[in-house]
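**Q** What follows is the residue order along each chain.
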Amino acid sequence: MEKVHKPKKVFVQGPISPDFVAKSIASHQSKTGIGAHAIFLGQIRADQKEGGVVTGIDYTAYEEMAEQAFHDIREAAFARFELTCMHIYHSLGLVPTGEISLFVFVSSPHRRAAFEASEYIVEEIKAKVPIFGKELTGDSGHVWKENT
Amino acid sequence: MEKVHKPKKVFVQGPISPDFVAKSIASHQSKTGIGAHAIFLGQIRADQKEGGVVTGIDYTAYEEMAEQAFHDIREAAFARFELTCMHIYHSLGLVPTGEISLFVFVSSPHRRAAFEASEYIVEEIKAKVPIFGKELTGDSGHVWKENT
Amino acid sequence: MLAEIAGLSDELWNAGGSMTVGQFRAQVLDKYPAMRDKKFKIAVNQRILDDFVSIETPAEIALLPPFAGG
Amino acid sequence: MLAEIAGLSDELWNAGGSMTVGQFRAQVLDKYPAMRDKKFKIAVNQRILDDFVSIETPAEIALLPPFAGG
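Residue numbers (full-length UniProt numbering), protein chains in the order written: chain W, 1 to 148; chain S, 1 to 148; chain L, 1 to 70; chain Y, 1 to 70.
By construction, these hints were calculated from the structure, which means they are not laboratory data.
As the structure is a prediction and not an experimental result, all values here were calculated from the model.
Honestly, I wouldn't trust all of these hints.
To be verified - Here are the simulated DSS-like cross-link-like pairs (lysine-lysine), alpha carbons at most 25 Å apart as the crow flies: (1) LYS31(S) - LYS134(S); (2) LYS126(W) - LYS38(Y); (3) LYS49(S) - LYS39(L); (4) LYS49(W) - LYS38(Y); (5) LYS39(Y) - LYS49(W); (6) LYS128(S) - LYS8(S); (7) LYS128(S) - LYS38(L); (8) LYS8(S) - LYS23(S); (9) LYS41(Y) - LYS126(W); (10) LYS31(S) - LYS23(W); (11) LYS128(W) - LYS38(Y); (12) LYS31(S) - LYS126(W); (13) LYS31(W) - LYS8(W); (14) LYS126(S) - LYS39(L); (15) LYS31(S) - LYS134(W); (16) LYS134(S) - LYS38(L); (17) LYS39(Y) - LYS126(W); (18) LYS38(L) - LYS9(S); (19) LYS23(S) - LYS23(W); (20) LYS49(W) - LYS31(Y); (21) LYS128(W) - LYS41(Y); (22) LYS23(W) - LYS134(W); (23) LYS38(Y) - LYS8(W); (24) LYS23(W) - LYS41(Y); (25) LYS39(L) - LYS134(S); (26) LYS31(W) - LYS134(S); (27) LYS134(S) - LYS41(L); (28) LYS38(Y) - LYS134(W); (29) LYS49(S) - LYS23(S).
Said to hold, decoys possible - Cβ-Cβ distance ranges computed for the label pairs, FRET-style: (30) PHE52(Y) - ALA76(W): 20 to 28 Å; (31) LYS23(S) - THR20(L): 42 to 50 Å; (32) ILE48(Y) - GLY141(S): 24 to 32 Å; (33) LEU29(L) - VAL12(S): 33 to 41 Å; (34) HIS71(S) - VAL12(W): 35 to 43 Å; (35) GLN23(Y) - PHE20(S): 51 to 59 Å; (36) ASP19(W) - ALA34(L): 50 to 58 Å; (37) PHE20(S) - GLU60(Y): 27 to 35 Å; (38) ALA59(L) - GLN48(S): 39 to 47 Å.
The C-beta atom is built at its ideal place from N, Cα and C for all residues, glycine as well.
Produce the complete structure using the sequences and hints provided.
**A** Structure below.
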């Protein structure tokens, strides 16, 4: 694909709101070549840990490397799948339980590319982007989160 | 799974709005066992047909059979995947180009079940639910849509 | 769209004795030859059945054009 | 979390001549034995490299705990 995809800001401070998701969807209604949107949202679970129930995750990142990793994932996904649009947002800082920390949004003329790209991007983010998460439990405890 | 899933209203008149999607997401933030949401949105494309460019699709359904088919798909998906929640909405009547006619929303503790269920449900809907779509082109023409 | 061919959307079909789904399909194509160019499925009492299944009367039979949900 | 073990988050590492990623890893574990219980990856100038690759100096080396994005 010849098109150049301009670098996008991925990190947002704190949780990602449902209204932000709605605005992103609405902004694609003028793109009438799109037939399918696939959206993935990561939400913070109230998991039971040794120190208590998780009340939120405090995200940090090795930011410069993370931005580069996101960029590489974007380029690879555009090369691999027939996509019209792709947006990735990830939280930094505190995201309380029940709120959203990851928003992956891909759009395509047809559903197959959207499904495959969505899954590919999420797996790549989990495996390759240096984002760290401190799971907060109770008053002062924390456990470092680890992707599987 | 022993749980009984109460029948849900699937059909909505006209397009599905981004705000409706946002409200659906927000209503799941109190379910703190959820870690992953997968959302699929079908949007009307401005395809070029013999009679001109598609300006919208007018949906009808063999409603009673369609409701039963949606119910069967729901039950099969709950049995097959570890899902916390599942919502399906489909438009009837006119949906203009660029607007949304299908909204599939599944939530799960973990991403794998959400991805797989989302794709399964969309494919099942396309193959098994008696919904018919008249693609409107120009002033008076129309072409019957056919899923592939 | 099938109704456009038959010129009507509801019709009473008199079965001469018992009839399978396949036999019904043949009768429909016999009466409405233009239907041969169309793809359609047959639902009996809101279920898609195989051609060899017998239709219990009275039954609600529907000719369904290709599905377009999504 | 790795900084919690080393007690500091930045450190100047003097390489005696050229060194591979694997050799650097061994030196880290030597200096901070508690790191043996921890999983970490080594990024050199913001790229994860294989153990056999030589580290060109000066380099920005980072010890990365398990990723938790998503």
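**Q** Of all the hints given earlier, name the ones this structure violates by number, lowest first.
**A** When the structure is compared with the hints, numbers 1, 18, 20, 22, 23, 24, 29, 32, 37 turn out to be violated.
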